[in-house]
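**Q** Protein chains in written order, with the numbering used here: chain R, 1 to 145; chain D, 1 to 538; chain G, 1 to 227.
Just so you know, these hints were derived from the structure itself, not from any lab.
All C-beta atoms in this analysis are idealised placements derived from N, C-alpha and C, irrespective of residue type, glycine included.
Any given hint could turn out to be false.
As the list claims (entries may be wrong) - List time: in silico DSS-like cross-link candidates among lysine-lysine, alpha-carbon distance up to 27 Å:
(1) 105/G to 315/D
(2) 466/D to 60/G
(3) 60/G to 109/R
To be verified - Calculated from the model, a selection of chain G residues having no Cβ within reach of chain D, i.e. all distances over 10 Å:
(4) 87
(5) 88
(6) 106
Said to hold, decoys possible - Now the stretches of chain G that chain D is said to cover, found in silico as 3 or more residues with beta-carbon under 8 Å:
(7) 27-38
(8) 73-82
(9) 89-98
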Amino acid sequence: MPAGPLGYRRRSLWVYHFNSGGCNGCDIEFVAALTPRYDLERLGVQLVPSPRHADVLVVTGPITRMVMDALRTVYDQMPEPKLVIAFGTCACSGGIFADCYNIVGGADKVVPVNVKIPGCPARPGMLVKVLAKLYGVRERGQGAG
Amino acid sequence: MGRGRVEKEQVPVERLRESIASAMESGFSHLVTITCVDLGDGNLELVYHLSSLDGAVRHLSVRVGGKSPAVPSLAQLLPGSSFYERENRDLFGVRIEGDGSPGGRFILPDCYPESAPPPLLKSVSAAQVRELLESAACARDSYFSVGAPLSPESVVVPFGPYHPALKEPEHIALVVEGERIRKAFLRIGFVHRGIEKAAESRTFLRDVFLLERVCGICSTHHAWTFVEAVESLLGVEPPSRAAFLRTLIAELERIHSHALWLGLVGYWAGFETLFMWVWGLREAVMDILEDATGNRVHKSFVTIGGVRRDIPDEKVRGYARKLAEVGRGISTIMEEVLSNDQFVERTRGVGRYTLEQARKFCAVGPVRRAAGDPYDIRKIEPYGAYDKVDFPVAVTQEGDVLNLVKIRLEELLTSIQIISQLAEKLPSGNPVPARYFMGTVPEGEACARTEAPRGELFYYVKSDNKHNPYRVKIRTPTIPNIQLAASLLEGAMLSDLPLIVTSIDPCFSCMDRVLVIRDGSSHVLTFEELARMRGGAR
Amino acid sequence: MSEYVRAVLLGVREALAGRLTEPIQAVTSNERGRGVPVLDSEKCLGCGLCARSCPPAAIKMRVSGKRVVGGREVPKQEPFFDYHSCIYCGMCADVCPAKAIRMVKASPLDAVQGALPQLLVIPLPPQVTTFLLILIAVALVYWVSGRLAPRGSHSQTAREPFSGGVPLTAARLRYYAADLMTFALFLLLAEALCLLLLLAGGESFPFGVLLVAALVIFLQGLILLRR
């Protein structure tokens, strides 16, 4: 069995985006990763509308109290094997809002997080880098191109 | 004036409605917001900011106190005031008399007890509120519930908080009949972070960074408006080069925001190619922003007294040239799109509203301008370098999605022209202050307004000679616009919902510093009940 | 008509304009941004101004050794950056009186140790090898069963396995069920074994070993089918 939870699925990871109450900076950067310049789709990555189709959950924004439950629900709805990427400083640790009263903290307070990408906002290139590494792209060469 | 120190007119509570009505008769017909301040002595002060269409502002202030402070509602006079009133009710505990609005929470989670102290009072600390929210009294699953009343004839479609058509969490309970929406109940507060409270416990300088992150798309405008208010309190005038550079970055932000929105409209209209095209061109703008300020999104460029770094003249001219290309690219694409029958039919007449509706809800920004009012803060109350450049204000006569597309496209191209004018007229000097501002701000209250990409953004700052502000009140452009959108949803087709909500360019992260709407007059389902009805499994 | 022409021209112009997509190496670098704050311990005074100015309070002052002040040894404090809470705004670098913090043009991912999961690349044996292997296995099975099929009066070798040497015509394709079943089982066994070997071995099994294993399977099959 190839090591790692994703097995063979890592060659076409389907991503579900969860905005857990952020300022939209990281959301827009995430959506920008799907646009022509960064083009996540060349790695076979697709944005899916339902967590039940997804392999990877990308959480952006600090977790507010009202979405905490929804995050856990969405995580539970994803089939195994799954990965969670906390995209942006707020999803990593609560960021600049960590001491606000309606904020629970980073995504790891609610769901287990596999990869944390800091940055305010995190650059779309970083998401491409993480997904490319998971896909198997070596430092030289482009994988599926 | 709208900018600078606030001069309030005291009005007794009983005569509030008449005073507001007479102010509105005399030309101050636009209610900017209702600011509530905890005076610390058991009394609350509510300041009603009214603006006329050519930039003059009046501030009417009432004081209420006691165990259960109450003010008469303005909702009959001006339906657009209802969100502001409910916000104050949630955050400060100010009761609203006589508006017929539903009870229940507006922005805070439903379970936050009615008897608990409202979060924004001075006597309540953020830690206390946090503890309350974590306690057993505030169980999970009771944070929000489907708000629409149920009856055997109505079908309620809960839309959100997570939905493929939504970029941000919000909940709209739609009562539908076939494909038509009969009524929409909006529930927000999912993005509520408690920023206004947090702003009171940080220094002014750190607050600039916090407030910048209210919204990722219009972040410089938030920082700039706050800094304008603080500079009025300090009596400091930034160097004119700093004003020009701030204007440059603000206009770049407008370009990127409108391009973003154009892409999103394409996306929600089913035209994904437009989305990809426009966002591909938008990357050039993001590169310019990164080159100029060091970051693509949260530029952290504006600081109290000036800007954080200087941009050489040559670079600014280079940007203007680059942007001319971007402008050509986008206008070529949009020309194709707007002459495409399918796109026009998809967007014309959708979400139609009249000037009267826009005024009733105190809509701002392109949404107001689409209906016919040339209400643009850059023209009526110039700030930064806007009085030194020449630009038209785009206006159409009737509001619908197609006109909004045209207006935002016009504004995008106008911004490119503004930047090329700025590049020519850039004065010399040092725009960076000698040192960062880390001192105290003398006592006073000031407010400032700017024209964010979504509309009029208003900040009220009160200081009392300390390192931290006493109160920061933010009124973002999406609040009045979303009220308009919620009323437009009634009678619309279900499939037009994403387009209508997107047409006002909503930014729930801006808006949600606290909000909740619910009709409390009938049985409300909790999440648990919904899950049970669905057969148990989530 | 003219709109079609315009649309076609636009398409051609866009096609010739070069692509917007940047190669992955370009996309993942961080040349223009503000970068990551890095401390130069030599210059640090331990004043704590960075920690007080940090907007998300991501800098904590920690004791890290001693230094001599006025002839006495005092604990030296140094800022410790929490890169997961940092918003990369550069205030610490700006306010530092000793210019001990500089913004390095790296990406935040590089700053955080172990940000990427450990489960990284385990390359599969290339698809081509796998495909060829299975293809050869199936061809061998096919050929072997052709050899073993009952000879008929019309030809020395069967044209199709199990047709009993009768020439193939659409009307008269007859398959002997028992032999078909054996064939199917034996093919499945062969494929399953190949797959298991691939999964278990990954890249450590060279191509030759897998081929030999396949041959062994077929020899066993030969023995099975010998009548």
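**Q** Does the structure keep residue 105/G and residue 315/D at a Cα separation of 27 Å or less?
**A** 20 Å, holds
**Q** Are there three or more residues in the segment 89-98 of chain G whose C-beta lies closer than 8 Å to some C-beta of chain D?
**A** Check passed, 5 qualifying residues.
**Q** Residue 60/G and residue 109/R: Cα distance at most 27 Å?
**A** 22 Å, holds
**Q** Three or more residues of the segment 73-82 of chain G near chain D by CB distance under 8 Å?
**A** With 0 residues in contact (Cβ-Cβ under 8 Å with chain D), the coverage given for the segment 73-82 of chain G is violated.
**Q** Beyond 10 Å from chain D, beta-carbon-wise, is residue 106/G?
**A** Holds, because the least Cβ-Cβ distance between residue 106/G and chain D comes to about 14 Å, which exceeds 10 Å.
**Q** Against chain D, does residue 88/G hold up as non-interface, every C-beta pair farther apart than 10 Å?
**A** Non-interface label on residue 88/G violated, nearest chain D Cβ at 7 Å vs cutoff 10 Å.
**Q** Is the hinted pair residue 466/D and residue 60/G satisfied, with a Cα-Cα distance of at most 27 Å?
**A** Measuring from Cα to Cα gives roughly 24 Å; hence the hint holds.
**Q** Find the nearest Cβ of chain D to the Cβ of residue 87/G and say whether that gap is larger than 10 Å.
**A** 7 Å, violated
**Q** Is the listed coverage of the segment 27-38 of chain G by chain D valid when you require three or more residues with a beta carbon under 8 Å from a beta carbon of that chain?
**A** n = 3 at 8 Å, threshold three: holds.
Consistency with the previously given hints fails for numbers 4, 5 and 8, ordered from lowest to highest.
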